[in-house]
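Enquirer: Below, each chain spelled out in residue letters.
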Amino acid sequence: MAFPETHRSLVLAVRSADAAERERALETVVAAYWRPVYRHVRGRFRVSAEEAEDLAQGFFAAALEKGWLARYEPARGRFRSYLLACLQAFVANQRRDGRRLKRGGGLTHVPLETRDADGETRELQLADKSDLEADFQREWARGLFALAVRALRERCRGTSREVAFALFERYDLEGQDAAEPPRYADLAEEFGVPVTQVTNHLHWARRELRKAVLETLREITASEEEYRAEARALFGGEPR
Amino acid sequence: MNTPSDRALDRLRDVAQWPDLSGTRYELVGEVARGGMGVVYRARDRELERDVALKVIGAFAADEDTVARLRREARILARLEHPGIVPVHDVGVLPDGRVYYAMKLVSGKRLDELLAEGLPLRERLRLLLRVCEPVAFAHAHGVIHRDLKPENVMVGPFGEVLVMDWGVAKHVGEARGPLAASASAGAAPHATAHGTIVGTPAYMAPEQARGEVERVDARSDVYALGAILYFMLTGRAPGRGAASPDATTRTWAASRHAPAAAGIVAPRELDPDLPRPLEAICLEALALEPERRYPGAAELAADVSRFLEGERVLAFPESLLGRARRFASRHRTLLLVLLAYVVMRVVLLLVARV
Numbered sequence: 001m002a003f004p005e006t007h008r009s010l011v012l013a014v015r016s017a018d019a020a021e022r023e024r025a026l027e028t029v030v031a032a033y034w035r036p037v038y039r040h041v042r043g044r045f046r047v048s049a050e051e052a053e054d055l056a057q058g059f060f061a062a063a064l065e066k067g068w069l070a071r072y073e074p075a076r077g078r079f080r081s082y083l084l085a086c087l088q089a090f091v092a093n094q095r096r097d098g099r100r101l102k103r104g105g106g107l108t109h110v111p112l113e114t115r116d117a118d119g120e121t122r123e124l125q126l127a128d129k130s131d132l133e134a135d136f137q138r139e140w141a142r143g144l145f146a147l148a149v150r151a152l153r154e155r156c157r158g159t160s161r162e163v164a165f166a167l168f169e170r171y172d173l174e175g176q177d178a179a180e181p182p183r184y185a186d187l188a189e190e191f192g193v194p195v196t197q198v199t200n201h202l203h204w205a206r207r208e209l210r211k212a213v214l215e216t217l218r219e220i221t222a223s224e225e226e227y228r229a230e231a232r233a234l235f236g237g238e239p240r
Numbered sequence: 001m002n003t004p005s006d007r008a009l010d011r012l013r014d015v016a017q018w019p020d021l022s023g024t025r026y027e028l029v030g031e032v033a034r035g036g037m038g039v040v041y042r043a044r045d046r047e048l049e050r051d052v053a054l055k056v057i058g059a060f061a062a063d064e065d066t067v068a069r070l071r072r073e074a075r076i077l078a079r080l081e082h083p084g085i086v087p088v089h090d091v092g093v094l095p096d097g098r099v100y101y102a103m104k105l106v107s108g109k110r111l112d113e114l115l116a117e118g119l120p121l122r123e124r125l126r127l128l129l130r131v132c133e134p135v136a137f138a139h140a141h142g143v144i145h146r147d148l149k150p151e152n153v154m155v156g157p158f159g160e161v162l163v164m165d166w167g168v169a170k171h172v173g174e175a176r177g178p179l180a181a182s183a184s185a186g187a188a189p190h191a192t193a194h195g196t197i198v199g200t201p202a203y204m205a206p207e208q209a210r211g212e213v214e215r216v217d218a219r220s221d222v223y224a225l226g227a228i229l230y231f232m233l234t235g236r237a238p239g240r241g242a243a244s245p246d247a248t249t250r251t252w253a254a255s256r257h258a259p260a261a262a263g264i265v266a267p268r269e270l271d272p273d274l275p276r277p278l279e280a281i282c283l284e285a286l287a288l289e290p291e292r293r294y295p296g297a298a299e300l301a302a303d304v305s306r307f308l309e310g311e312r313v314l315a316f317p318e319s320l321l322g323r324a325r326r327f328a329s330r331h332r333t334l335l336l337v338l339l340a341y342v343v344m345r346v347v348l349l350l351v352a353r354v
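Line order of the protein sequences matches chains X and B. When the letters of the first sequence are read in order and numbered with our numbering, they come out as residues 1 to 240. When the letters of the second sequence are read in order and numbered with our numbering, they come out as residues 1 to 354.
Derived from the structure by calculation, the hints contain no laboratory data. Just so you know, not all the hints are guaranteed correct.
[Stated by the list, open to error] So, partial list: chain B residues that the calculated Cβ filter (under 10 Å) puts toward chain X:
1. Arg11
2. Arg13
3. Trp18
4. Leu21
5. Asp96
6. Gly118
Please read these numbers as outputs of a predicted model, since none were measured by experiment. Glycine included, every Cβ here is placed at the ideal spot set by N, Cα and C.
Chain X extracted, bound-state conformation:
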């Protein structure tokens, strides 16, 4: 699969002079990284869910206020690693000073989903550094796909492709959590379309999802090199 040619990084746009661009960049970066940061704080520093939420919110607030995100230099490594280093320094300082941050800090609060009881159990089982890193990576991927799905939904809204997104959501998202994924025939009946159309709609939606994932990945990485490395980490396929 060819990589798109241009690179539009929102990680770098957080220091844009254009306020609107800066705001959108910050919103995307926070949306992509909030959950990995929260879980990392919980797993690494062994704090309660509430305290981890406070620390995660406080971290992003401080990062914006003090311009940490804007100070990131792509040449010095991955954005993810930089963010983690900032986070660890921030939490260590907070705990040393014995301070608890108030929620908010001007950020939109991203609620934690509590539907996933397994996720909570897994947090408490993060035993060592490699577990923490793997968990951070997985949560980062989850955030990335959540953003891509959101972008796909927005793209389909109000167009003839709304049904394609609805089918994709029923089959590839919700269907995975059902005891048995719905059959194409059932979906065809439910949506009032032929089975062949279900197949076509799903193919289209998956192809568009791939594009959305790559676009989002481009946005939350800072350089071409980082983008490629993250894509390989996300999808595997590293050449031997």
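Here the structure of chain X is known, so what remains is to put chain B in place on it, guided by the hints.
Expert: Just chain B now, with coordinates in the frame of chain X:
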């Protein structure tokens, strides 16, 4: 839905990588296997109304080397027409820019899975002979596989054996053995850079593991076949250097092949019931120096066949008594019938004299 669950996330990762088959004659059915170079999918060929396997380059591994390797693999497979080598139908580029080739869809079990079910020794050896056939055929056509291992062998429901994954295979010219090595340089410029190590460590010949590209030839495949035989005999890969010889572990150092296969635990150490000639065949294939191995897969297969036929094998100077014992154990029923016949004749003769 805002945040995908674990299962949904795995699903999204998968579907985001699925190849774009729009406008082609193929329709995606599902994923079959995943390797370092690409992913194999099951697809429906709408024109011929049959299922095929599509090997598609990894979604984000489309660098020049990988593309060249996939194309080269397709070309090598297309040239090697043998029942033990999967035939290629088509090669091309998908709408999403990924290179693919279509091949026969192989059903059955991987050799390692089949062996885990427990097969009698003779059946295991017959399987090895079937693995050797396509490899010998490839050697005769100047191609070496370089990544032979149980996971790359499929055994079909009717016992057909197919050697898979020729992704790191190399064309070394028409000649075989030492001549082939000298013919390899420049034969496939994108194949693998000089010194690049390809293959699977536990089954890899020492010269291959050291990245000595110019020394890698048919005998490197013989080493891998020896390692497969070792796996068949002991249930584990030889893993040179992995075993640490101690008081309870006799290595091959005590045998006539001491400098050759040193570092590998002798199969009979792991299973004393294994016949000595078979152990010798295995360790000759696994010799450290290529010069001490069988020159090709055909020669290795011939020695295994000799063992199966109860003949003297080249790798082991078996005494007449040893061979007689082996013959006797193999043809016990026939010998008992013959013995009973002789005893009966003697008794009848004695009775007639009385």
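Enquirer: Checked against the structure, which of the hints given earlier come out wrong?
Expert: Violated hint (a single one): 6; every other hint is consistent with the structure.
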